[in-house]
Amino acid sequence: MSVDSATVKKVASLARIAITDADADRLVPELNNILGWIEQLGEVDTKGVEPMTAVIPNTLRLRDDVVTEGGQRDAVLANAPQGEHGFFTVPKVVE
Amino acid sequence: MSDITDLGIAQLRDGIRQGKFSGREVADAFVVKVSRAKALNAFIVETPEHAIAAGKAADEALAAGRPLAPLAGVPIGMKDLFCTKGVQTTAASHILEGFKPVYESTVSQKLWDAGAGMLGKLNLDQFAMGSSNETSYFGNVISPWRKRGSNAAMAPGGSSGGSSSAVAARLCPGATGTDTGGSIRQPAAFVGISGIKPTYGRCSRWGVVSFASSLDQAGAMARDVRDCAIMLEAMSGFDPKDSTSLDLPVPKWEEGLSSDLRGLRVGVPAEYLVDGMPAEIAALWQQGIDWVKDAGAEVVEVSLPHTKYALPAYYIIAPAEASSNLARYDGVRYGLRDLPEGANLQEMYAATRAAGFGDEVKRRIMIGTYVLSAGFYDAYFTQASKVRTLIARDFDNAWAVCDLLLTPTAPSAAFALGEKLADPLAMYLNDVFTVPSSLAGLPAMSVPGGLDKDGLPLGLQIIGKPLDEQRVLNAGLAIEERAGFTARPDAWW
Numbered sequence: 001m002s003v004d005s006a007t008v009k010k011v012a013s014l015a016r017i018a019i020t021d022a023d024a025d026r027l028v029p030e031l032n033n034i035l036g037w038i039e040q041l042g043e044v045d046t047k048g049v050e051p052m053t054a055v056i057p058n059t060l061r062l063r064d065d066v067v068t069e070g071g072q073r074d075a076v077l078a079n080a081p082q083g084e085h086g087f088f089t090v091p092k093v094v095e
Numbered sequence: 001m002s003d004i005t006d007l008g009i010a011q012l013r014d015g016i017r018q019g020k021f022s023g024r025e026v027a028d029a030f031v032v033k034v035s036r037a038k039a040l041n042a043f044i045v046e047t048p049e050h051a052i053a054a055g056k057a058a059d060e061a062l063a064a065g066r067p068l069a070p071l072a073g074v075p076i077g078m079k080d081l082f083c084t085k086g087v088q089t090t091a092a093s094h095i096l097e098g099f100k101p102v103y104e105s106t107v108s109q110k111l112w113d114a115g116a117g118m119l120g121k122l123n124l125d126q127f128a129m130g131s132s133n134e135t136s137y138f139g140n141v142i143s144p145w146r147k148r149g150s151n152a153a154m155a156p157g158g159s160s161g162g163s164s165s166a167v168a169a170r171l172c173p174g175a176t177g178t179d180t181g182g183s184i185r186q187p188a189a190f191v192g193i194s195g196i197k198p199t200y201g202r203c204s205r206w207g208v209v210s211f212a213s214s215l216d217q218a219g220a221m222a223r224d225v226r227d228c229a230i231m232l233e234a235m236s237g238f239d240p241k242d243s244t245s246l247d248l249p250v251p252k253w254e255e256g257l258s259s260d261l262r263g264l265r266v267g268v269p270a271e272y273l274v275d276g277m278p279a280e281i282a283a284l285w286q287q288g289i290d291w292v293k294d295a296g297a298e299v300v301e302v303s304l305p306h307t308k309y310a311l312p313a314y315y316i317i318a319p320a321e322a323s324s325n326l327a328r329y330d331g332v333r334y335g336l337r338d339l340p341e342g343a344n345l346q347e348m349y350a351a352t353r354a355a356g357f358g359d360e361v362k363r364r365i366m367i368g369t370y371v372l373s374a375g376f377y378d379a380y381f382t383q384a385s386k387v388r389t390l391i392a393r394d395f396d397n398a399w400a401v402c403d404l405l406l407t408p409t410a411p412s413a414a415f416a417l418g419e420k421l422a423d424p425l426a427m428y429l430n431d432v433f434t435v436p437s438s439l440a441g442l443p444a445m446s447v448p449g450g451l452d453k454d455g456l457p458l459g460l461q462i463i464g465k466p467l468d469e470q471r472v473l474n475a476g477l478a479i480e481e482r483a484g485f486t487a488r489p490d491a492w493w
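Going line by line, the protein sequences match chains G and A.
No gaps in the numbering here: position 60 of the first sequence is 60 in the working numbering, and each next residue is one more.
No gaps in the numbering here: position 187 of the second sequence is 187 in the working numbering, and each next residue is one more.
Next up, chain A with everything else stripped away, as it sits in the complex (with noise of 0.2 Å):
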């Protein structure tokens, strides 16, 4: 038998209730994959008991002659933002080092549900804050793509950069990630996989730890397009527990999927074509275009003219949020503690933050903080939401006019790590095109394009009206059966 672990989402659940092969020897596949990389340092924890008990229970059921549930026995990884019940959560900080959580977030709750079984919790930048996966307590996570040539080590992209870097190694066919302004997409688009990001409120926030409220969003990262509609299916779904959550039945995206795009009409933002484009990525921009026209949609030119205030207005939202949602970080009720000798109450919450929080993430709280001081909060906060009111109606005029968004997902292929970790700026302008989708709390999701000359992949990214995530699925279907992306890293780890 062919290598279980070449197997994606639909053909591993296919597999096991045909009885090609055991949901056992699945999860086992698997675990041993994880175990033989730790070079990729994709994984803070490995969890292969929770894998193989999922497994068991798909045999077991199989067995019976029971119903399979929609995952049963597919093992994926779980980002470490997300709460999990008695194994260490820590949004790859050291403040929350050891933390395990008493309870479930709703959205791994639903893929247990689901029957699918968890390999391990995978690193990401801390707090889910970066684009390299460089600001990470428990080190970077390594891309398993290498520029042609070179053993220079490669950004998986960020934050999700752990979800990444293996489903691009196949060490889990599957992955959950968040994307608060780009990072399911942006890391997906760096390794050659596809990742989607839903409408704002699909999938519940609850058990996630928090970096911006009114913009974090869970989200799938799988090896194709289909893959991704089934995990985003089973991680979907109204919760009374988070009031942002939307009270709306989860459509069957995969049952609907089509790459037919007749009688659709694809926006091309003009404000997209930034100055300094690589023409490798414009070039792959206009083979998209080519592609989708193939697929029966109409091409046509829109304009977004607020598209450059995004970014911005992105990194005042966003730190301001995260400066108020990070407060909780005490040292009284969880994670680290730091009293120095003889220290009062505020000396302790002071000194357990500097120890716990990276610069990174002491950087974001700064800027929250200064921008909702007294004085300025006006001048930055109140403008900034403002922007984002023009920001989401850009995108309402654009639907005037289209149905779909095709733009490249970042302005450039994989960087080294340590490429960008000394400028701050350079690294947020990675995220310049995810971002206004992200504002507007729009569905959007990246899919491979092709690969770059050093032989790495790019990524094209469609964004879909509020709730289209039906559209988005099946306008990446269409470029993924016309890409015909099948380059794989060779397995250096």
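Chain G extracted, bound-state conformation (with noise of 0.2 Å):
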């Protein structure tokens, strides 16, 4: 498989990554490359092997349902690039 310009650009939008035409055009020989090259996997004969999950085996715990650290607001905020009366601001969404 490989993508062509219009896909370089489609990828981008869904990684919410701003490209200019130019930028696709250069990444299109790039990404091709690295593509062709992770294609060799297609040859590895995986029938009923199944896929990893975990890499060592390890039980996921539980923990009670209650806070455990609650009321840190401003720390939460410190490092917002705009915060507003407690909140992160972000440019209107509702029109």
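Keep in mind that a hint or two might mislead.
[Stated by the list, open to error] In silico contact screen, one side only, chain G against chain A (beta carbon under 7 Å); selected entries:
| no. | residue |
| --- | --- |
| 1 | Leu-14 |
| 2 | Ala-15 |
| 3 | Arg-16 |
| 4 | Ile-17 |
| 5 | Thr-20 |
| 6 | Asn-32 |
| 7 | Leu-41 |
| 8 | Val-44 |
| 9 | Glu-50 |
| 10 | Pro-51 |
| 11 | Met-52 |
| 12 | Ile-56 |
| 13 | Ala-75 |
| 14 | Ala-78 |
| 15 | Phe-88 |
| 16 | Pro-91 |
If you're looking for bench data, these hints aren't it; they were derived computationally from the structure.
Ideal Cβ positions, reconstructed from N, Cα and C, are used throughout, including at glycine.
Take the two lone chains, each set in its own frame, and fit them into one complex as the hints suggest.
This is the structure in structure tokens:
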């Protein structure tokens, strides 16, 4: 499988990365080179093989459903590029 | 007195306890060394006050007759991937420039609890994506090593290149690293130091900037095996804040060190003898085999048949996880925001991420997004995850006939900065020997074996069974004792 400029732009849009037409054109051969190389995985017979989900056998723990660390609004907002009245602020979403 | 900065972690720890020098003297000596080594660009931020405070705390404890913590007064370098409270943490990216965490990572907290001090935050490949330290927003890290008769700037390896450069230049006796596909072992090999990545889950990932969560694992980098054992002991341990943290006691690795390998079987995987392996690497590998035999081990040939598929599987799995992990950088909660005039929310996200991520990070996010997108998920991501199962199974089969594996760490010595930058694939191939054990979550370490014809260090890698860091360290020690590696770079910086 290989990508063209339109696919690269689609992927960039899905990844929320702004790119110019020139960026897209530059990325086409770069990505195709890498994708062409990873294509070789297709030749491995994986019939009946389970995909790995955990590298070391480990069971997920459960904890009581209670607040452990609350009331830290100012710490949460401390690094926000823009915050007002105790909220994160973003450009207007609803007209 | 000889130069304090020539001492390693164990010697500094013991010397402070014995009153040979004070914690304050140790801190001051390294602080000065760091401040004079700007040419290496190993540090993004220097924190002399943190190191000095730890030195003073050790002196006060000693004066008061209180017991000293395991690393009391030992100053270290912290890879800038670990969140440090109130100290800028960037992952070497523009998107996190100025980010001052309001919390401390578990691993760094454990080191401070053990009495260590921080000399500064170490440069790295951006979001730990790279093998040469050329993707940092804060500039390339330069290796203290140079080819004999050349002044060309050499790569310190990556992604923990600030860590490797700083330890090799003796700016700090030890440093934290993180390893996703070889980011501790390859840089350690490039600069002639030791580095260990423990079993996945030994070190908490909490507060470590995420790259590929199923692979990321912190570890220790230092000048010798004992120092790695001491540091890793302080960094490891169960953490309820990381769901993949192993709820197991931390072994006393330093106490357990022994270079007697009698009764152990060391496997040599045939598939690691790759086409075009430089003769010097092959010769060093043979030398390593002779060394472990001399230490009493039995050497057996083993087969890891899916080795050649490890790198392509890694370059699907790691970018896929990265594309998901790095979705958090949206210009809303922390870090950079780029809001073009009149932009809406979606345009703000896209502009912020375009401005904040470097080229390699964007490349990997794009690949990850593509392999996870509708219609391609099974062909790429599911297939790679199945191949990962087969790679782990190869190792399981090998453990039926051996206890450890011995391989070269990297397919070449350090290369010059810029040499592989134009070809991402050539750069990726540098991780060919380190990636398989990362995919299988196994403990692995690199120890220096010797120098190549240009006078550059070469490393040997030891891979162990899950949770068997002790034997990995022991084999490392056996090689270290026999290699007698004492070479160090001339101080040109």
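Do the hints match the structure? See the list:
1. Leu-14: Hint holds; Leu-14/G Cβ to chain A Cβ min 5 Å, cut 7 Å.
2. Ala-15: The hint holds - Ala-15/G has a Cβ within 7 Å of chain A, the shortest such distance being about 4 Å.
3. Arg-16: holds (4 Å)
4. Ile-17: holds (5 Å)
5. Thr-20: With Cβ-Cβ at 9 Å, over 7 Å, it is violated.
6. Asn-32: violated (11 Å)
7. Leu-41: holds (5 Å)
8. Val-44: Because about 5 Å separates Val-44/G from the closest Cβ in chain A, which is inside the 7 Å limit, the hint holds.
9. Glu-50: holds (6 Å)
10. Pro-51: holds (3 Å)
11. Met-52: holds (4 Å)
12. Ile-56: holds (5 Å)
13. Ala-75: holds (4 Å)
14. Ala-78: holds (5 Å)
15. Phe-88: holds (5 Å)
16. Pro-91: Cβ of Pro-91/G sits 5 Å from chain A, so the hint holds.
Comparing the model with each earlier hint shows violations of hints 5 and 6; every other hint is respected.
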